[in-house]
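Heads up: the sequence lines are chains A and B, in that order. When the letters of the first sequence are read in order and numbered with my numbering, they come out as residues -7 to 452. When the letters of the second sequence are read in order and numbered with my numbering, they come out as residues 134 to 361.
The reader is advised that the hints may include incorrect statements.
[To be verified] Some chain B residues judged to face chain A by a derived CB distance under 10 Å, without partners named:
| no. | residue |
| --- | --- |
| 1 | I148 |
| 2 | E150 |
| 3 | I151 |
[Stated by the list, open to error] Calculated lysine to any residue pairs in the SDA-like style (CA-CA distance at most 25 Å, straight line):
| no. | chain 1 | residue 1 | chain 2 | residue 2 |
| --- | --- | --- | --- | --- |
| 4 | B | K242 | A | R256 |
| 5 | B | K242 | A | L273 |
| 6 | A | K221 | A | V181 |
| 7 | B | K138 | A | M258 |
| 8 | B | K242 | A | V245 |
| 9 | A | K235 | B | I193 |
| 10 | B | K136 | B | F154 |
| 11 | A | K384 | B | I193 |
| 12 | A | K268 | B | P191 |
[To be verified] Covered stretches of chain A (chain B as the covering partner; in silico rule of three or more C-beta atoms under 8 Å from a C-beta of chain B):
| no. | region |
| --- | --- |
| 13 | 233 to 240 |
| 14 | 243 to 253 |
Hints in this document: simulated from the structure, not taken from any laboratory. Cβ atoms here follow ideal geometry from the backbone N, Cα and C, with glycine treated the same way.
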Amino acid sequence: MIYQWFVRNSIIIGISVFVVLWFGLYFIAGYKNYKTILLLWFVLTAVLSILNVLFLKKVIQPFERLIETIQSLHQPSDNKPQSLLQESLDEKFNQSLRNLIEKLQANYSNIVHQRNELEALLSSMVEGMIAVDNQGYVLRINRAARELFSIHNDEFNGKLLIEVVRNTDLQNFVQKLLTQKTTLEDKIVISKIQKTLQVHGSPLYDTQGMQFGVVLVLNDITRLEKLEKIRREFVSNVSHELKTPITSIRGYVETIREIGFEDREMTIKFLDTILKHTERLSAIIEDLLNLSRIERDEREIEKEEMDLIPILRNLVEELEPRLQKYQIQVEFKVPNQLICLGNKLLLRQAFFNLLDNAIKYAADGKKIVIQSQIQDQKIVLSFQDFGPGIDKKHHERIFERFYRLDVARSRNLGGTGLGLAIVKHVILAHHGNVTLESEVGKGTTFQIHLPIFTPNDQLT
Amino acid sequence: MQKEKIFVIEDEEDIAEIIRFNLQREGFEVKVVYSGNEAISRIKQEMPKLILLDLMLPGIDGLTLFRLLKQDAATKSIPVIMVTAKGEETDIVTGLELGADDYIPKPFKIRELIARVKSVMRKKTTITPSETDDIQIGEIRILPEKHEIYVNDQLVKLTQTEFKILHAMARKPGRVFTRYQIVDVARGSDAIVTDRSVDVHIVSIRRKLGSAGKRIETVHGVGYKFLE
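Chain A on its own, in the form it takes in the complex (with noise of 0.2 Å):
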């Protein structure tokens, strides 16, 4: 500052230097003796001015290296500033601004790193993290969060957390977090992204143990609370299942037991009945328990070369019964063979329930067309029906277990509610997939999709 005076006022403060001066002289010497103070005026000026510019250049230049330098610290890549200083004014001051920069610029960068890291660990956080300030507004928001509510980099500067996520369970959250000073849980459904998130939050302190906000922690349990209600419904299914024919049994027995056997052609009735339920529980339990076992040797189910085609005819001959009680025609059009690497029982125990639902749901008269064609190195081999069809609606849901369209028939017709899960399993289980197409009124085809047997496939 007083150097950049010195140079704005230079020409004032030469003036008054040379008139000082000169009534010095004049003063001293006296009036009549004015070409002696002309002279020595004249040498003390040129004096003056000479040992001004060395005074100059030796007291102002460093201190215009010195603020280069400082200006320079703000750019802390530079490394070169200390070298500036060499021809200072005084070693002593020079080494200490020296050190002085040095410890500017180690922290700095210091301060760069951990920012870098922190940031770098908050990104990769697979939990969403969200830090707001005493009056609401947003400090932080990490990747996870910004992706979860799909925020864009900078919308949260200097907003309210309100602004940014608009849900009002989340803001009261925040709000009771901010008056509770204590760490809290809660489960939070964001209808807008149709997420449910577990919402951990804890208050902010500084180093003086003030608050100056909270922490939200975020967890995206939408799938897991998916599977939590797929499960519930699963145990609330089964129960129902295995409940109805224990009702029956009991009821039967009971009745039995009450009225003794006084009509002998009623009692064998009602033990007919009594014996149709425990077939059908067992019936239950057994499919039950070959679907958790596919299920669990998903993996590593047995499989080997094998022809389909015999299979599907044997099959067919099996049910040969019932498909002339009800007027069935199955039409082949298959190849002679179809290898595939495979595990024969399963995939007999799929075809099995694929056939059973086209017979039971196909109308009198009608007929069944098996298919089969190669498509994409695959095999797709399609059940047809010419039935009452299926609903769209269903499509998504019929392979869950006990998923029934129609309950009351389904039952009567002897199904356990798990044929297509075992299917659909079964095909999983052979790395394939199965599809449905299905119209009202129309029929329905089931398709099954295996890869193609080639023979350097590893037997396992």
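Using the hints, position chain B against chain A.
Quick look at chain B alone, frame taken from chain A:
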């Protein structure tokens, strides 16, 4: 005497059949309906004395059917017993709050089913005592006009809330009260009762009634009932 008519709405043929068989033996006239859609019109036509309703039905489900019945002035007063295998407590509670008279979980004992049917039938014929009638059930005597309760002729001191709850339940013995129904009963009394604090009040009533407290039975996951 004309037989009393009972409707059994149940999609499982064999279960419907055994219920029909047993209720007929008890002297009732039984009609079986297999689906909800069919049930409505037939109930209106035949006006049964009681309906046994399975909650899991094809077509219209049991709870929806039940709502329709309760909305219709003609069928509103027909008692309904819910029969359910799902054991979904929310369904049972909803049913009871909508005014179902009882529920029976599957698998049920035939004898119990008959007993419940008879009990609901009997309740319909005995008139619920009015607000001010004295009630005497076993060792408990309730005098609403005096706001007093005696157990074995010993005066028991209850709070206003507790009195209201006990009185309401004792007026309809055998009937399951859900927590919300109890909250409704206690509304406007000295204490604010929520569905969870109901449990606290019940515990307190039981304690004050001493040995007679056994008459208030917990119906797990649903509510409470006062035993006859």
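Straight-line alpha-carbon gap B:K136 to B:F154, limit 25 Å: Roughly 15 Å separates the two Cα atoms, so the pair holds.
Hint status (Cβ of B:I148 to nearest Cβ of chain A, threshold 10 Å): 5 Å, holds
Given pair status - B:I193, A:K384, alpha carbons within 25 Å: Within the cut-off at roughly 20 Å; holds.
Agreement of A:K221 and A:V181 with the hint, judged by alpha carbon distance not exceeding 25 Å: Roughly 15 Å between the alpha carbons, so the hint for A:K221 and A:V181 holds.
Holds or violated: A:K268 to B:P191, with C-alpha atoms at most 25 Å apart: The given pair, whose Cα atoms are some 22 Å apart, holds under the 25 Å limit.
25 Å Cα cutoff - pair B:K242, A:V245: 10 Å, holds
Restraint status (C-alpha distance of B:K138 to A:M258 at most 25 Å): Holds, at about 24 Å.
Check of the region 233 to 240 of chain A against chain B for coverage (Cβ-Cβ below 8 Å, three residues minimum): Held - the region 233 to 240 of chain A has 5 residues with a Cβ nearer than 8 Å to chain B, which meets the minimum of three.
Assertion that chain B covers the region 243 to 253 of chain A - criterion: three or more residues, beta-carbon distance below 8 Å: It holds, with 6 qualifying residues against the three required.
25 Å limit on alpha-carbon distance, applied to hinted pair A:K235 and B:I193: Measuring from Cα to Cα gives roughly 21 Å; hence the hint holds.
Proposed interface contact between B:I151 and chain A, which counts if any beta carbon pair is under 10 Å: 4 Å, holds
Pair hint B:K242 and A:L273, alpha-carbon separation not exceeding 25 Å: The given pair, whose Cα atoms are some 19 Å apart, holds under the 25 Å limit.
When held up to the earlier numbered hints, the structure conflicts with none and fits them all.
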